[in-house]
Each structure stands twice: as C-alpha cells, then as structure tokens.
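Engineer: Listed below are the residues making up each chain.
2 protein chains.
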Amino acid sequence: MLAITAVALSLPFRPAKHAGGQLTAAFRVLLVLVLALLATGLAHAEDGYDLWLRYRPLPETQAAVYRSHAAQLVLPVATPTQQATRDELLRGLGGLLGHAPAVASAVDRDGAIVVGTPASSPAVAALKLDVRALGRDGYLIRHAVVDGHAVIAIVGQDDVAALYGAFHFLRLLQTAQSIDHLDVREATRMSLRVLDHWDDLSGHVERGYAGNSIWDWQKLPDWLDPRYIDYARANASIGINGTVLNNVNANAAILTPLYLDKVKALAGVFRPYGIRVYLSVKFSAPIEIGGLKTADPLDPAVQRWWRAKADEIYALIPDFGGFLVKANSEGQPGPQDYGRTHADGANVLASALASHGGVVMWRAFVYSQHNTDDRAKQAYTEFKPLDGKFAANVLLQVKNGPIDFQPREPFNPLFGAMPKTPLMMEFQITKEYLGFATHLVYLGPLFEEVLRADTHAKGNGSTVAKVIDGELDGHTLTGIAGVANIGTDRDWNGSDFNQANWYAYGRLAWNPQLSSRVIAEEWVRATFSNDEAFVKRVVDMMMLSREAVVDYMTPLGLHHLMGKGHHYGPAPWDASGPRADWTPVYYHRADHDGIGFDRSHTGSNAVAQYAPPIAAEFDDLKTIPDAYLLWFHHVPWSYRMRSGRTLWDELVMHYTQGVDDVKQMRATWQALDGRIDAERYRKAAVFLGIQEKEAQWWRDASIAYFQSLNGLPLPAGYAPPPQPLSYYESLSFPFVPGYRP
Amino acid sequence: MLAITAVALSLPFRPAKHAGGQLTAAFRVLLVLVLALLATGLAHAEDGYDLWLRYRPLPETQAAVYRSHAAQLVLPVATPTQQATRDELLRGLGGLLGHAPAVASAVDRDGAIVVGTPASSPAVAALKLDVRALGRDGYLIRHAVVDGHAVIAIVGQDDVAALYGAFHFLRLLQTAQSIDHLDVREATRMSLRVLDHWDDLSGHVERGYAGNSIWDWQKLPDWLDPRYIDYARANASIGINGTVLNNVNANAAILTPLYLDKVKALAGVFRPYGIRVYLSVKFSAPIEIGGLKTADPLDPAVQRWWRAKADEIYALIPDFGGFLVKANSEGQPGPQDYGRTHADGANVLASALASHGGVVMWRAFVYSQHNTDDRAKQAYTEFKPLDGKFAANVLLQVKNGPIDFQPREPFNPLFGAMPKTPLMMEFQITKEYLGFATHLVYLGPLFEEVLRADTHAKGNGSTVAKVIDGELDGHTLTGIAGVANIGTDRDWNGSDFNQANWYAYGRLAWNPQLSSRVIAEEWVRATFSNDEAFVKRVVDMMMLSREAVVDYMTPLGLHHLMGKGHHYGPAPWDASGPRADWTPVYYHRADHDGIGFDRSHTGSNAVAQYAPPIAAEFDDLKTIPDAYLLWFHHVPWSYRMRSGRTLWDELVMHYTQGVDDVKQMRATWQALDGRIDAERYRKAAVFLGIQEKEAQWWRDASIAYFQSLNGLPLPAGYAPPPQPLSYYESLSFPFVPGYRP
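Sequence lines, in order, name chains Y and R. Sequential numbering from 1 applies to the first sequence in my numbering. Sequential numbering from 1 applies to the second sequence in my numbering.
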C-alpha cells in the first residue's frame, strides 16, 4: 500500500491546497475521483498483474501522434473473438492514448483503424488484400484507403489472426514505435504453440514457484475467475494457442465426467482467444477409471475405451486439442509395461483422437534406473529406432537438452535424428534449476542458443529451429511447448522479471528465428518504460543474467548439481539414493585427479548420437567449446584451458564471475531507482539481494566441495569459502516450493 | 477486466466527446489520469482485496460535514505505530472525504483531529483525560477543546490503543454515523484476541478454502510481501492482537533457526500494529529437532531443551506471544505418551516461557479411538479433573462445542466447569463444515449463540462470554482464538461474504457482548454501501444464512454427517473406517425405527457434564429445544414434535426449508443487482447458485438415505429426491481443498 504515498507525492498538485480553490464542478468531480482511485485502485495497480499488457498513458506528444491514426474503430463484433478484439483495442487505446476511439460500422473519416478478415469485414474485403499467403494465424498491418479515407488496416485470414494483429498494433504503440509507414506481415510455421501446466488437481504446481494452480477446480465449472480471461489475453497477445491444463505426472481423474465438465468451462473461456485445451493423460487410465484389467495398447477393449473417452471429450469440447503423455518415465505407467513400444502406445491414443482432429504429444523424456547406460543417451536410444513408426497426428515432445532443463545443455541429439517424425520442442519456462522465483534469469538467450544450434542433420544450417518448424523435413504439423511458470501469485510468475520468460517463450514459439535481445527490449518497454536509458540498461542486465546463473551454478559444462529432489541450492557432494542418475556425483564424476562426465568415444560415447561434424567437434578436446567441456569430457584439474589457466583455476574464476555478474546486475538496478514505480522496483531489488546471497552460496559450497577432493589452492586473489564444507553439507530445506517429497 | 467497461459507462461523460472539447489544462490532465486509472487500477479495484477497509468517496453532502471535523491532523509520528496511525488516517480520510487533512504538530484551527496518548501528545496530555480506566487497549473518542479550538480527540493509554481509536473513527465515517456528539469509550476484557492459522510450512492450508498460505516462507525473511502489512491493518482495525502462524498439526521445523529467522521478520511487520506472533509447537520437537531420546515433560533434559528454545526465540522476538499446542489428539504426540498429564505437558512449556511473559494455549480438543465412550464427553472427562493444575500462564483452548465446529452444537460443557483455569474460546472462521468458500453463511449468529449461552455455572447469567472474558471467575488472563479463513485468494477469504466472518470474529473477540446483527450492518456498510435499502436486505440475508445451513445440512441437532475426511457434501450413509467416531453413522444412529444420539441419562449421559439446570433441560424430552433434540436424544421417526408433526415430517420440512432459504437469499441478491459493482455482485451471485445446488444436494441425499432406513413417505407436497440413494452414494470428490488424504 506504500505505493499510494509515492503516487500521491508525484501528483502535479497537492490535494489539500486545491480543496477550497475555485474549481469547476466537473473538475471537483474528477479531483475526488482521482484521489479516490489513488486511495484504492492504484494501491494494487503496480503489483505486476497487468503483465506486458500494461496500457498506461503515453507521453502526450507521442499520444497525440497516435491519436491521429486512431480516430475511429471499424470492425465486426458478431463473434466472441471479434468482441474480444474490440475490447482489447478499446482498453489498450483508451489506456495508452487517454481515450478510446468510437466504434463505427463504416469508415467515415481519416485515421480510422479497420480490423477484420475479408469474410467478416466489408471494409477489409474492399481492400482485396491477399492474406492467404500468411497462413492460418498470419496477419498484416498496413496503411490503406477505405472509402476515400486513410486508414490502418489490421487484417488476418480468420478472427483469431485479426486479434493477433490487434495485439501487435497495440504493442507498437506501447513500445513507442513509429506507425507512419506500417507494413507488417506476420506469419508462423509453428502450428502448436503450447503452454504445459504441471498443475496437479490438488492445486499444487510441480516445479511451480508462483503459488498454487490458477485453475480453481473446486469452483469450476460454475465460477469462471476473471483471471482466466486475463490469462487468455496474455497468451493470445504473444500467439500462444494451446494450454495443457494438468501435470504430465497425470492423475486419471482428469478424464472423469466430474472434471471434463470443468475442462469444458475453461475451454469456453479460452476459445474466443484462439486457445485450445489439451490434457495430460495417465496411460493406465483404462484401469484406474475405466475398470479394465489392462492398459495394454494392443488390447481391443483398451482401444475401445480410449476411443469412447475421446468421443466423450469431443462431444463436450468440439475443438479439444489432444493428449500429452509421459509414459514409462520416472515411474509413470506406459506401453512398455505390456511389452509394447512407445509407438504402439502413442498410436492407440492417436487413432482415438484422429477423427476429431486431435493430436498426441508424446514425451521423449525417458530414462530408466534399470538402464545403466549414460542417462543422457537413453531418449535417443529409445526413440530413434521408432522414427517413422508414429501415426500422422503424433508429435514427439523433446526437451531442449538430453538431461533436464539445466542452466546450459548441448541441444538434444534427437533433433535432426528423426526426420520422419514431427519433433516438438519442450522448453521449461519455470526455473526449476535456475533459481526458482527470485533469481533474475532471462531465458531468452537459452532458448535462442538451442533454437539456433546447428544439428548438421542435412548439412550446415540445419538448425534446431528448422527441425521443429518443419522446414528441414517438410512437416506441416509442428509444435513447441513451454512448461509454464504461472501460478496464483498476484504477478502471475513469482516475480516481474519472470514474466519476461513467459513472453519470450511465446514470441519465439511464434517465430523461432527472433532475437532474444529484441524480445527483451520489447518486453521492457511494454512492461516498465520507454525511457531509453532505462531500457538499454535493463536489457543489458537481462542479457547478462543467463550466463551469470550458468557460472555461479554449473560452469564449463557441469550439470545437475542441485539439491536432490527439490533442486534448491548446491549439493555436489550428494551421492545418496534412491537412484544414481538422480545424484550430482553421477554427473560431475569429480575425484582427486579430475572432473567431468566422459561422454567422448573413450567414455559413454554420447557424442556419437550427434551428426558427424558435431560429434567430431564435441569428441575432440581441441575443438569442444569450453561451455560443454565437462559435459562431454573427464579431464584432470591441471588441464590447460584455452585461456592458459588450469581447469581448476578457470572453474573458480567462473564461479566467482557468476557472483560478480549478479553484483553488477544489482548495482545496475539500484542505479535505476526512481525510474519506475516503487513497488516493482523494490521487489526486484530485494530479489536481486536474495540472488546475490544464493549465488555466493553456490560458488562457495561448490568450491569448498571440489577443493576437498583435489586439495588445490585457490588462484591468487580469490577468496576462500567463508565456511567449511561441513556447513554447506549440513544445510537442509524441508519445504521447498514446487516439490513434494 | 469486465469491470472497466461497467465503470466507464457509468461515468458522467463520454471520453471521446470530451477529447476535443474546451477543457482547462488541469482538467485535461485529470481526465487523462482518470481514464488511465480506469484502464488499469480499477480493473482490480473491486476484487475484494480492500476488505472492510474500503475508503471510497462518500456522497459529497456527507463528506462535507465530516470535512469540517477533519481540518487538520495533530498526532505524534515518532514510533512505527504512530506512523501507521497517521498513514491509516491519511489513507482513510483521503479516500472517504476526497482529500486528507494536513498533518500538524499543534492545533491551530477548529476541526482538528487530535490523536495520541497522554505520554506521546502534549495536546492530549493537556486534555487531562482519565484513560487508565480504559485498560491497556481501550480508547476514547470525544469532542474537546485544545488551545481554544474545537477538536475531536482520539485517545488511548498506549500507541496501539490510539491506532484502534483511529480505525474506530474511520469506521464511523465509512458507515455514515453522525460525529456531532461523539462520546466513544471502548475497553475490552479479552487480553488475547488471536487468529489461528492452520497453515503448513508447505504452503497448504488445512481446512483452507481461499488458496495457499499467505506466508511466503521460501522468500522470507528477505521479501516482506506488502500483503503482510494489509493483513496487519485488517486485524488491527478490529482489535485482533495475536496470530499463530502455523498449523496446530505442527511441524517441528518451525522451531529451527531457519524458520525462526522468518518468523522474526513477520513479527517485525506486525509489531507496529500491536500484533504478536505465536507458534504451534509439536510436543515431540525435543526428539525431532533436539536430538533427544525423549519428549517426556518430566525429563530434565527435555525441560532444559524447551527453556533454551524459548530463550532462543525471545532473543530474536522480544515480544513473542507463546505456544499453541495440540497434544495427544488425532495422532499428535503428547505428555500421555510418557504417562504424564496434559497439565504436566503444558506446565513444562509454560515455565520455559514464563520469564519472558509468554503464554501456552493448550487445546482441549482431545478424543481417543481407544476410548469407546461418547466422543462428545471425552474432553470434559480428560480436563475437568485438571482444573487448578495448570501454571498461571497457561490457557486451555476449548472449541465452542463438544464435537467439532458443526453448523450447530450445544456449548462445550467445559465452559463453566473449570473455574480455576482460564478457558480460551476456539471458534472456526473457516467454514470446514459449513459449505467451504462458496456458501454464504454469516457466522455472527453462531458465535453470538455460543457466547450468550448460559452455563449456569454460578447461577443464572453465567454466560459463556463471562467465562472467557474472566468476569465469572475473576481471571485477568483471558483469550479467544479463531481459526483463520485467510489465504492467497485475491479476496483473502475465498468470497467477499466470508470476509464478514473474519470481521465478526474480531469484533466479538474485542467485545463478546456485541450483537451479530449490528456487526453485520457495520460490515455491509464498510464493505459495500450505505444505501439503506441495500444494507437492510443484505443484513437480513446474512442473518438468515446460518439457520439455512443448519437446516439443509444437519437440522434438529444432527451433526457430523459430512463426507469423510474432506467434509464436502452429505455422506450420512458412511460407516467406513478407520475409526467409528469419524463416521456419520456414529453420530446419527438412525435405523428403521428412529434417529439421534442418546446422550441423556438413558444413554451416554453427556448431559450430566452440564450444570444441573442445563443438564435437566437437555435430558428431558419435554424441555429440550428442538434445535438440540437429536444431539441428545434417540427418538422414533413417529415422535411428535411440539409442532404436532412427526419427527420425520419435521426433518423433511427443515431440510426443505434450508433449500428454500437459500433460494430466498439468491432472490434477494438478484434484486440488488446494480446497487454495487458488477464484479463483486457477479461473484456472490454465482456462489449463491453453487450454494443452492449444493443445499438441494444435501437435502435430497439426506432424505434419500433416511427414507431408505425408515421407508416412510414424504409429507404431502414435498418433492422426492430426483435421484436414487445409490446415485448420491456414488459421488466421489478426490481433490477437495483444505484436505490432504
């Protein structure tokens, strides 16, 4: 509530002074209204709830220019999507420009905004624009003349595309772009742009650090929280067109009538925004809720059950998206329980959905505690032989790296290795391994690094982006999924800066070729300010943040050294059960002489899973990038790095650099105090303090542990850990969010 | 976000029209500001977050009158509490009156508001008012003359009392009371006015229906959510002065340094508002986190451990309140595990806290599955013999009724039965057994019914209120606890109307003699509107709501017929394990011939636990109130009620009446559409729809079940259940909030 005072003081006049003054009645009314709003609405206004759809008044000079291009709004309002488009434009223009233009049925003045499709809007039809080439979700924004008046036309092939265009137009104004010479043509090759919610029906969010699930299952289907609409608006504004409502560690109950009714209600809220609902299903559902004795995919009764269940769902939700499945992974049931393959399992679900136009998103994230081979190799070993064996409406959902959403991983070798199968990217937006809610880590560069990685599957330039967008192998069914970082926290994501990761994911899902820096700038302007100095410094800070977390947690290719289970904080010393491939020591393999996981030809030979040029580069110490060194090689502490330093010295320097980077980020932010509202400034400032403390903890604990193995001194000028290793080992955190022991 | 549109339309002018008009620059600024605020702040402004501290502009005629009494604010601002008092008055007066008065160091005009204590304010000291008689938290509000100027004086003996007075004064304005002849003297006999949070360290709230715990343990102690301050403001505004942060089913980890640091941070936020923190402790903590072999209260090592732990806590939190303990109850460890008594256990903790001024709140809610005697009798049997055996700083915390927070119970026989022991009332504000978040049930009448019940312990007029406020037995250490209904939901309590239960609890904790109707009116005015017609109809609806839930769930003394474990919905048929006294059939004892739990002299003789006049009244069918009939007596279905109807007919009529009452409540609310903001109106309207549906479900399922036993026809004109009993029995709800199987 402290925000009030700040705002009140920033007013151009002192309320008390004016009270007795000579004011017009209207002025009095407004004055009272303003003060009332200050005393109430604004108290929560800068709590981050608005996300990047923050339509605050632009500077008058800017607003004046835009107003001349927003004299009236001509668009159809027959369908819910058209109405949502109108409402968003009224809200956005009203907020940004001080007032919203009137809605008219036809253009009768210059400066009109014409929105729609050739089919829905006579004005648009009259323009005879060829939008077919833009594809299903594509749109264009350009100047045009309608009935002799200069207008801005926002045109798509369907309603949702027009809504996308409206959001794009508002973003141009929000981010202070010139609209004098508009010629926007936007299209996407990605057909499924999906958020995966790891939300349990209990309300708990697995790996969630922003509160509970936003799905209020108990009150659904009757109560439709207005937040659902804002969720849909936020997603539509960045082109996300699907949401998997429940955790991949699924509960079969989601497929019971009790819950399908609730799912239907949510689908109804999201439909106008072009968002389809999907469900994670448990492979053993035919047994658990179907009363069958088996879930064997080749059993006719099981196949009938899935078909009937699909029919039941589509009767309720005609545009239901399909199923996401985690099978035979980390204890989940699956086709292998019956001696069948993943393809057998996926295809049964696929055939149940096919006639309805639904898809199966089958996860490739599998590894077995009974398989003693390098965990990093298992997904490839399991799935590559199945290339070509999946039904046409199955996508294989592959995590960006071969292990599990680490601060840095080489790209997953499955990308490029299964040309006959549509591979869907799975990114993790929630920061399970990257500092939870409080660490400022902008994931744009991580996503970009993966998407731009060259698989060499079909020669140079066979980037991961081209694999998933279908270009490389000619797939039209394409997709990308992001594990959501959304919860009931007022700011949606646990911190204002985490919102940038949701935003960046959506923008890259639409166009995997975008630059993460450009996206960051867009987001900062929409979310905070167009103050150039502020934008520049905050974007620089964000761009630095990902390398910082790699350095203070797991530099030089180290990975999975986090506290077991909850993944909070450092635990490189942990070798405890229940399974080796869940322990840090399995991954770093450090001892008195050296460190690193030998995945070269002398080791697990995981390198061989990559295309020859990559395999050769990663296999050879002379060519392997420092960033992946310890991922693929076990080397002595005395190993000479390209820098000329020993590995040990280099490692210590990276850990220390990570902490220094956070200190710099913190200083940058402190220098910006006063440039934005006190509420969001203060929260980020406190969180950066937490991040610095935890970065230091990571650095000190890691160095203390590795030093206990190699007995080597720290390079000159580097401070030793302030505590003995035993202290770091003694820390325990019984109730870490996002994890349930 | 729909709220925006509604508000925009309700504006006296059309933004678009004015844009080009002849407006002064200042007017333009304000206009833009208003519209901007409408487009942003107001979008969330009516989401219930403001609770009853909703300082919206009063009608100008009213505001003008008040302004003449709020010309300036003269109060000390040296301490955090004094600053909180100033901030609240500025916020409140600014919101209600359109502008806040200037803060001055001395009175220099008529109409000043003088706030403080004789010690803190020279102006107050000059008034020579005798406030000692008001006691520690008491305050007065009256007209006075300071330095020749007419002022309103808000005076307490200490800072917090003055803060209470400030909240009281703001409430007078909020609720449109005349302040022309102020002579408020408020005092309380209740020393501990506490909220019990059943919040787990995992963030889950046991029996919570408003989201997660508001304590963000992961980010504490660094991040202090602004919501903590609003929590403190809300509590201070109704005189709540203590909060037990964690679940009575306690985890020992709360007493580790990791968590005590976090508790200290919260205590620091609450301190200025006069709120002390307390912790629920696990009796076996000396073993679990102390490394001892035993928790035997008579073991010197155990006693040393508790003393050291108390010293550790008070070193961090000098004004720490004390411990709440659930021992030897529902599986919790306790002194009886070592053959010791509850007094032995309580006194060890008490002696550890005594030197620091802390107290032990020891719960009397005990019953054993190994004790085959009537569960309703066990607490009395266990504790009455211990009267006089507890240390001076121990309070015995007794639930209002002998079973467990049912829609209606007779008062707990322990009240009046332990004159040598301070008995603390435990109410449940969260509606575990009364419809969770969605049912509109105002608990004021329930609280009032219990507090006004006459124990006859010392003759007529020995009310429960006089027992707990110490008057009856001369105790000065007195207390009352309410199990909080607070969570991370934006509206704090899961619905706007649930806020009334938090409010009513606090007002009755301050003064157990208050009328629940008066409190309801106060709350409606502060929360919604002073529109007389609206207030009257909403208060009537609220006053009707508690009898309605009794009727549609458990009429005529029936109790505990809710779904096992989660307590959602009817399950009178449930006779399943693990223990009889958790099953509905244990409580209703219905069969072909009759229904009811015989607690008369012919049965368990629980009646004998009451003072003779009450015992006689409850024991005799001729004198027992209908409301308690089946609580104390097993009677045939054909039993003739006072009404002349048979019990069965009467039961069916009550069930049906409950549903009809909800229908009436719903109609009342629908008739008020447009009287308040659309956002809160719509939510309550939808929730009332859910309540009607569930009330009907309760009625139909209960009648179907009892009819399956007695085979009797329904009275003429009463609709039979639309479904067979098997349907109601088949319903299952795997993920009910507030419960973890």
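Since the hints were derived computationally from the structure, they do not count as laboratory data. None of the values given here were measured: they were computed from a predicted structure. Incorrect hints may appear among the rest.
If chains are identical, the list can't say which one is meant, so a pair holds when it fits in one copy or spans any two.
The calculated BS3-like cross-link candidates involving lysine-lysine, where the alpha carbons are at most 30 Å apart (straight line), are [said to hold, decoys possible]: (1) Lys693 to Lys564; (2) Lys384 to Lys420; (3) Lys564 to Lys264; (4) Lys264 to Lys420; (5) Lys420 to Lys564; (6) Lys264 to Lys663; (7) Lys458 to Lys377; (8) Lys564 to Lys293.
Engineer: Are the CA atoms of Lys564 and Lys293 at most 30 Å apart within a copy, between copies, both, or neither?
Structural biologist: Between copies only: 28 Å across, 36 Å inside.
Engineer: Within a copy, between copies, both or neither: which one fits Lys264 and Lys420 at a CA-CA cutoff of 30 Å?
Structural biologist: neither (34 Å within a copy, 60 Å between copies)
Engineer: When Cα atoms must be at most 30 Å apart, do Lys564 and Lys264 count as within-copy, between-copy, both, or neither?
Structural biologist: Result: close only across copies, 28 Å inter versus 38 Å intra.
Engineer: At most 30 Å between CA atoms: does that hold for Lys693 and Lys564 within a copy, between copies, both, or neither?
Structural biologist: Within one copy only: 20 Å inside, 46 Å across.
Engineer: When no copy is specified for Lys264 and Lys663, does a C-alpha distance of 30 Å or less occur within a copy, between copies, both, or neither?
Structural biologist: Result: close only across copies, 27 Å inter versus 48 Å intra.
Engineer: Given identical chains, is Lys458 near Lys377, meaning Cα to Cα at most 30 Å, within a copy, between copies, both, or neither?
Structural biologist: Within one copy, since 21 Å is at most 30 Å while 80 Å is not.
Engineer: Are the CA atoms of Lys384 and Lys420 at most 30 Å apart within a copy, between copies, both, or neither?
Structural biologist: within (10 Å within a copy, 78 Å between copies)
Engineer: Could you figure out if Lys420 and Lys564 sit no more than 30 Å apart (CA to CA) within one copy, between two copies, both or neither?
Structural biologist: neither (37 Å within a copy, 52 Å between copies)
Violation of the numbered hints given earlier is confined to hints 4, 5; the remaining hints are satisfied by the structure.
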